[in-house]
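Listed below, chain by chain, are the residues.
2 protein chains.
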Amino acid sequence: MSVSAANVNNGVNVQALLEARTALTDAPAAAQFNWRAVCTWKNGTHSHSTVKGFFGLGAEQTHKSTFSFDADHPEVFASEDQGATPVEFVLVALGSCLTAGVAAVAQHRGIQLRKVSATIEGSMDLQGILGIDSDVRNGFCGIKVTYDIDADASRDKIKALVAQSQKRSAVFDIVTNPTNVTVEVK
Amino acid sequence: MSVSAANVNNGVNVQALLEARTALTDAPAAAQFNWRAVCTWKNGTHSHSTVKGFFGLGAEQTHKSTFSFDADHPEVFASEDQGATPVEFVLVALGSCLTAGVAAVAQHRGIQLRKVSATIEGSMDLQGILGIDSDVRNGFCGIKVTYDIDADASRDKIKALVAQSQKRSAVFDIVTNPTNVTVEVK
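Keeping their order, the protein sequence lines are chains A and B.
The working numbering puts the first residue of the first sequence at -1, with every later residue one more than the last.
The working numbering puts the first residue of the second sequence at -1, with every later residue one more than the last.
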C-alpha cells in the first residue's frame, strides 16, 4: 500500500482480510462455510425468514442478532404485499455483494470512496412463471446494475474497481453461473 | 377443482392467478416486468438497500411500503455484522420463492396446508472469494433445501407439491441456471 493510501479509510479492514487469506491458505478446512436461512410459511404467498447461525472457521458461528425478512407477492398478483418479492431479494443480494466488494477493493487500492450507489434492475417475462410459454424462463431475462460512484480516483480507476468487485463477488457468480440445488421433504 | 377442495384455504387467490394467465396470454406485452432495488453504501462492507417500485402490466407499480435491508459481513470477516451477508439474502430469496409456490400449488390441488417450514443451506469454500485457489468458485458449491410440511395430503402428494413449486420458481431458475448481468458505471 502506498504512503498516501494510509490515509484512506473506507471502513474495511483489509489487513485482517489479507491475514485471513494467509491463515486459510494454511488451513483450507477452516475455509469451508455453511450459510443458512430458515423460511416459515405464514399465509398465502407470505413467508417469514430468519438468518442467525452459520458454520465457518471450523466451528458454529452466530450473527450478533437474528435478521428477519418478510417476503410476499405484490397486490397486482392478488397477494397482500407483506414483504419484498423473492426475486427482489436476489437483486438486494447482488447489489450488496458487489458494493461490499467495491469498498474492499477501493481500500486495498488506496482509493477513498465518498459515495457509492447502485440501481439493480431485473427484467422478467411473466409468461414463464405463469406457464403461458414454455420457451420463456421463470427467472430474469437479464440483470442490469448501474453504479454511481464518487471517489478520489479517475473514471478509469473507478471502472476497474467495479470490474474487480465482479470478479470476486459470490453473488455475481451465483447469478451468472449454475448452482446445484437439491430439495428434500423431511 | 373437486368439491372438497372448495373448503381448502391457504390464502392464495388461485382464481385471480388463472385469470391473470388468461389475460396475459392475450396481452403478452403486459407480462414484461422490471424489478428493482437500490443499494447505497454505508461504511466498510455495510450497505442499505431499498425496494419500492417496479414496472409491470404496462405501467409503473409500487409496493404498499418501502422495504429496507441492511447487508454486511460478519465479525469473523473483520466486519461489523450490521446485516445479513449478501449470500444469505440469496438463501432467503430461494426459500421464500419455493414456499410461496408450495402454497399456490397446494391451493390449486385442493390440499390444505397446516405448516410449511424450510431450512436452506448453502455450502461455500472461502478459498474462492479470497483468491487462494482459482479452481474454487466464489459462490456456493451447492444448496440444500429441506422442507418440513404438515398438510392434509399423503407424503407422495406433498413431495409432488414441492417438485411442482421448483418447476415454477423464478429464484430456483435464477440459482440453477446462468443469467446475463451487465454492470455499468454512470
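Calculated from the structure, these hints are not laboratory results.
Wrong hints could be hidden among the right ones.
The list treats identical chains as interchangeable, and a pair is accepted whether it falls inside one copy or across any two copies.
Unchecked claim - Straight-line distance between alpha carbons at most 27 Å, and here's what the computed DSS-like set of lysine-lysine pairs gives: (1) Lys157 / Lys142; (2) Lys62 / Lys157; (3) Lys62 / Lys184; (4) Lys165 / Lys40; (5) Lys62 / Lys155; (6) Lys62 / Lys142; (7) Lys50 / Lys155; (8) Lys40 / Lys62; (9) Lys165 / Lys142; (10) Lys165 / Lys113; (11) Lys40 / Lys50; (12) Lys157 / Lys113; (13) Lys113 / Lys50; (14) Lys40 / Lys157; (15) Lys40 / Lys142; (16) Lys50 / Lys184; (17) Lys40 / Lys155.
Note that the structure is a prediction, hence the values are computed from the model and not measured.
Unmet hints by their number, sorted upward, for this structure
2, 3, 5 and 7
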